[in-house]
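Chains as they are written, first to last, in this note's numbering: chain A, 1 to 439; chain B, 1001 to 1312.
Among these hints, one or two may not hold up.
[Stated by the list, open to error] In silico SDA-like cross-links for lysine to any residue, where the CA-CA straight-line distance does not exceed 20 Å: (1) K413(A) x A1085(B); (2) K1230(B) x P221(A); (3) K335(A) x K1184(B); (4) K335(A) x L1121(B); (5) K35(A) x A15(A); (6) K1091(B) x A15(A); (7) K1184(B) x R1206(B); (8) K1091(B) x E1054(B); (9) K335(A) x T1089(B).
Just so you know, the hints here were simulated from the structure itself, not pulled from any lab data.
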Amino acid sequence: MNRLLIKGGRVVDPAGGIDGLFDVYAIGGKIAAVKPHLQTPDSRPQSQDSSLMSDEWNIIDATGLIVCPGFIDMHVHLREPGYEYKETIKTGAMAAAAGGFTGVACMANTDPVNDNASVTKYILKKAKEEGIVNVYPVGAVSRELKGEALAEIGELKEAGCVAVSDDGRPVIKSGLMRLAMEYAKLFNMLVISHCEDTGLSAGGQMNEGIASTRLGLKGIPVASEDIMVARDIAIAELTGCRLHIAHISTAGAIELVRLAKNKGLKVTAEVTPHHFTLTDEAVIGYNTNAKMNPPLRSKKDLNAIIEGLADGTIDVIATDHAPQDITEKEVEFDKAANGIVGLETALPLSLRLVSDKRLSMAELVEKLSANPARLLGLDCKGTLKVGADADISIVDLEKEWVVDARLLKSKSKNTPFDGWKMKGKAVKTIVAGKMVYEG
Amino acid sequence: MRLKRKDLLGIEELERDEIELILSTAESFKEVSDREIKKVPTLRGRTIINLFYEASTRTRTSFEIAAKRMSADTINISTSSSSIAKGETLKDTAKNLEAMNPDCIVLRHSSSGAPHILARLVKCSVINAGDGSHEHPSQALLDMLTVKERFGRIEGLKIAIVGDISHSRVARSNIYGFIKLGAKVSVAGPPTMMPAGVEDMGCSVRYRIEDVIGDADVIMVLRIQLERHKVPLFPSVREYSRLFGLDRQKLERAKKDMVILHPGPVNRGVEIAPDVVDGPYSLVLDQVKNGVAVRMALFYLLLGGSREQAVD
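Start from the sequences and build out the full structure, keeping to the hints where you can.
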């Protein structure tokens, strides 16, 4: 039975109510104990507890490092099956581990679409064989993501899906969204909504504003997101289903979520690191690695996002990791694919919120670990309490490094952060007590 | 003298003195087109490729004539008769053309920003001959030259740009250019064709063209670009022409010495009445004539001389 001791780090486990110098003991892939760190020259476990008395400990010295429950990215595109030239479960999991993530929830817009149990089982089988982190499939809301008829949500749940979403495209028909939420509620499945009124966003290439006007690119108004967020909150109220707003990007949508929460509705939201780091000015020069959906928004929206993170309106930081092959990015802007890879840059970008004193370290760990685990119903994840799975991220807050897109573990290199100087890095990622990344 | 840049992608990035240099150089080239032998040897041995992804009469012909009057060798490539029709990407087309060592590629493209991508891919000069709804710098330069010739100055003039602003690359380039040269620019058109935040480009914004033509020295009428409208942006051509088209009746409130510009091609009877476009205040054909001189100047300033002679 493998025994792991992480000594002397600052353990930040908001779900366990811990923030301080502790030693973390894991046995057989589970957290066995978390004990105050004692300054002793002896590196062996110091404990009265006989179960911890053993010489066969694999010891990690985490002095000066942050030790926290493994990060869970509840919004990634692993592209397998169907688009293995962009990413595979294997390469996506490697990118996740390198970014400090011990788990990822993968969206259903594969080919075939994950709208039935056989695809879910295929993903889970591949993940077990090749994935070095936990992979949690998200099933489709509608068959083939067509927005016409419900996918087999009950069977998707049985097969192992943790939520349903037609992410990548909105559920246009309000009636179908109502059915989805009514039905998903029976299975306690979270409905994740990509909020976009395509009547307003059609043909849009970037956020609508002075930047789109200068660049001569068709804009996507914030109203296209606000309208759908308002609609979905109304349907959540009607049905009582848990609703999670994917990649929120506008000040208006954040205000709507805030109001919904104040009303006591079961509405949550996530934001991507790029939406709280970049504005639509990043597109200037026709940088296709700044093209995504929802688009990078204005400074006003960015400020509202950071405010929403700070006051708890936004529960989760998720990357919307969207690998695209270079052939889909090295083209005219209006022909380029949407999306960027995010797993390996999310942590340092998020840590800027901590160094800017907008979030405490504990709040950041909540948004990267505890909250996604809770929303996706992942028991034994998102905490380092005794009995929890030993999924652990060890972070060096001081480590300075420069992003080199060519060196990303992800199969695709579409990042707008190439060449950025970063501070803070995942230095060890542990899944079920086993080291899966060390850097 | 030459421009201290490899490419001409837009007016937005030009300094005022660069625009003035281009205009004064163009003025000096005008007489070449009036000679009996309309040719100077300046760009002998240079190769210029006109790469046009969109249909064009004026611009393509104008660039070609300009190049030929400078003694450059010109090649015209249009999408329908090239490998672009076989699905070749812009990148591959660029790399293959570059392998034949041209000195300049003139690009017309329906995608905003395509010349910027091309310019990053090739070592030769790239001139933007109109990209999507972004910029059409040589058009704005010839418009500025035409206005400067007529009024002897640009500083302090009032320029009204009317019509489909949101889809117009001509509007954007002219807003930048005329403002840089000290003119006051106002734009007018239906709100459905007014791009977000356009006032932040430094122009004033109205919706009725009657509100801008009263004190305008120059009225620039834009073509309604129906081919770029995915859905109709106004109820009918009839209503547009009656409410927003420039006709004799609306011109009654205009200054007596104002002039009218149109980048062409004209939708006669839509954005401008036939008798107005053919009227005495219309400078449409002066624009076309000046287009050749401006493009000769651009070739000269980007390709001629040596780098050491670059203007400061």
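- Item | Holds or violated: K1230(B) to P221(A), with C-alpha atoms at most 20 Å apart | With Cα atoms ~17 Å apart, K1230(B) and P221(A) stay inside 20 Å; holds.
- 20 Å Cα cutoff - pair K335(A), L1121(B): holds, 17 Å
- Pair hint outcome, K335(A) versus T1089(B) [Cα-Cα no greater than 20 Å]: OK: K335(A) and T1089(B) at ~11 Å, within 20 Å.
- Pair hint K1091(B) and A15(A), alpha-carbon separation not exceeding 20 Å: violated, 51 Å
- Query: Straight-line Cα separation of K335(A) and K1184(B) no greater than 20 Å?
  - Reply: violated, 36 Å
- Item | Agreement of K413(A) and A1085(B) with the hint, judged by alpha carbon distance not exceeding 20 Å | violated, 29 Å
- Hinted pair K35(A) and A15(A), Cα distance within 20 Å: holds, 16 Å
- Assess, step by step, whether the Cα of K1091(B) is no farther than 20 Å from the Cα of E1054(B), and give holds or violated. holds, 17 Å
- Message: Run the distance test for K1184(B) versus R1206(B): straight-line Cα separation, threshold 20 Å.
- Response: holds, 14 Å
When the structure is compared with the earlier hints, violations turn up for hints 1, 3, 6 and for no others.
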